[in-house]
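Engineer: Since the structure of chain S is already known, use the hints to place chain V on it.
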Amino acid sequence: MGYLYAITRDAELAEEVYQNAAVVIIEKASSDEPIRDFRAWAKEVTRRQALHAIRSRETARRHGRAIAPELLEAISETFCEHESTASTVQEEAKAMQKCVDELPQEKKKLIAMRYEHDATFDEISSRVNSTPAAIQRALSRIRKMLHKCTQSRLALSEGQQ
Amino acid sequence: MSDKNRPNPEAEALILGHFDNSLTERQESELAQRLATCPETRARFRTQMRMEGRLHSLGRDGFLTSAAAQQASAADGLGSHVEHQVTTVAESSSSRRIPPVFTSWVAAASTILLLAAWSLWPSGVNAASVLRQAHQAAQELVDRTYRVTLTNPSNQALEQELTLDIYGGSKFVLRPVDGSYIMGSDGSQFWMARPDGPVWVTSNYRALAPALRRRIPNRRILGLATSPNKPFLLDITELLSLIKRKYEIELINPSGTPEHHIRATLRSEVVNVPEKIEFWTDADTGVVIKAKTYWPDQNIRTLELLNSEPLNPNWYQYQLHAPNAEARRL
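Quick mapping for you: the protein sequence lines, in order, are chains S and V. Here the first sequence stands for residues 1 to 161, numbered as in the working numbering. Here the second sequence stands for residues 162 to 491, numbered as in the working numbering.
Next comes chain S alone, as it looks inside the complex (with noise of 0.2 Å):
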């Protein structure tokens, strides 16, 4: 889902674009044809639908302006040549969990506005009278510190093992 997020920025079409993309690996998955890499296919099925998904939903009306092709490409390689393992991912999972927990609540409120109810920075400074850019710095401070508290976590998770 990040990396669908990742590319087209948008909840609703990401979600959509990982619901049809799951059905066509679980179609594919089991037909008699071998699939060498599961991983690498499952990775390049999910890339080539997102990328058609954002072609045919004209997302540079929704957002003003498409993302550069050479970003696409960009950000589609470095998912692509991920190989963290299912174990590593989701104790990165529940490491940020943990710190989203532990979120002072106001940051939590800014937190929840922007990715519960999908609010635009405008709509979030209106609600808590301030101004969209100290909202992004806001929310840009608030995910730089669930990434260094969700890095310390493990850091110290592999440590104590």
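It is possible that part of the hints are untrue.
In silico BS3-like pairs for lysine-lysine, Cα to Cα no more than 25 Å straight-line [unchecked claim]:
#	chain 1	residue 1	chain 2	residue 2
1	V	Lys451	S	Lys109
2	V	Lys453	S	Lys98
3	S	Lys107	V	Lys407
Pairwise CB distance ranges (calculated) [what the hints assert, rightly or not]:
#	chain 1	residue 1	chain 2	residue 2	range
4	S	Arg137	V	Arg308	46 to 54 Å
5	S	Lys148	V	Glu409	48 to 56 Å
6	S	Glu81	V	Ala444	51 to 59 Å
Calculated from the structure, these hints are not laboratory results. A virtual CB, placed ideally from N, CA and C, is assigned to each residue, including glycine.
Structural biologist: Just chain V, lined up with the frame of chain S:
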């Protein structure tokens, strides 16, 4: 990621800017170049990518707001405790100076004023508060049984009646009255069984419908179990979360009635969700008594609360419903 491998702050700002959709064309090119040439930037991008995905997932499932609300209520509870202590201290010190008769009179007058204000003050009920209360009630860890009816004014052949048992928003059992199948979730995995057949089990709900469609060609028998229209919208919790995210809501009936009636209309066109949703809640408990979803294909799904009686603790596990069936993982 160790400090020496951490990308520089400019790269990090570009990554976050990308997810905020705020980069200029030039900045996008710069980020693309950094991703192509710098392994640390790629690693940081991947971490951020996963984080953004998880935050959206948590948001989609309503966990960010509920966590914030829990924290707020805990803080409120703490605040009121502290306030109570402060008030007690203030009362004990002031009571030494003010005669008891006077304080009693002030207390009585305050009570009368409060009662008058209470009766004149407009009730705090609005569509958002009803939705919030319904969401909390749907997450309570109790068994609730609903009758589900599927109707379509232009095609009576599609009509179906089912029973749905829900526990706390994550466990459910769904049974058509004709007994053609039974499906459910024990909170961690989803399962589906037909009489004299195996039990299909998966931890990924999205895998269930397409896999069943392929294995059991007669889709009409399965009906909702393989519906592309998210059968999970039968789950009250998910339905309310969806309303919160994508619908405009209005409170239809005036306050003071025993039930609250909410109408939810889709804000913008979205596939695979109802165009309109209506639900009715118990004004005291917030429990959804009835819900109707109106789909673009004219299908109407209605849920009506039958009872809230406790079920067998193992009710949501497939072993109880298909004890001799072979379990096959999807």
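Engineer: For every hint, state whether the structure bears it out.
Structural biologist: How the hints compare with the structure:
1. V:Lys451 <-> S:Lys109: Distance of about 31 Å is beyond 25 Å: violated.
2. V:Lys453 <-> S:Lys98: Not satisfied, since the Cα-Cα distance of roughly 37 Å exceeds 25 Å.
3. S:Lys107 <-> V:Lys407: Holds, because 23 Å separates the two Cα atoms, which is no more than 25 Å.
4. S:Arg137 <-> V:Arg308: 46 to 54 Å: holds, 51 Å
5. S:Lys148 <-> V:Glu409: 48 to 56 Å: violated, 38 Å
6. S:Glu81 <-> V:Ala444: 51 to 59 Å: holds, 56 Å
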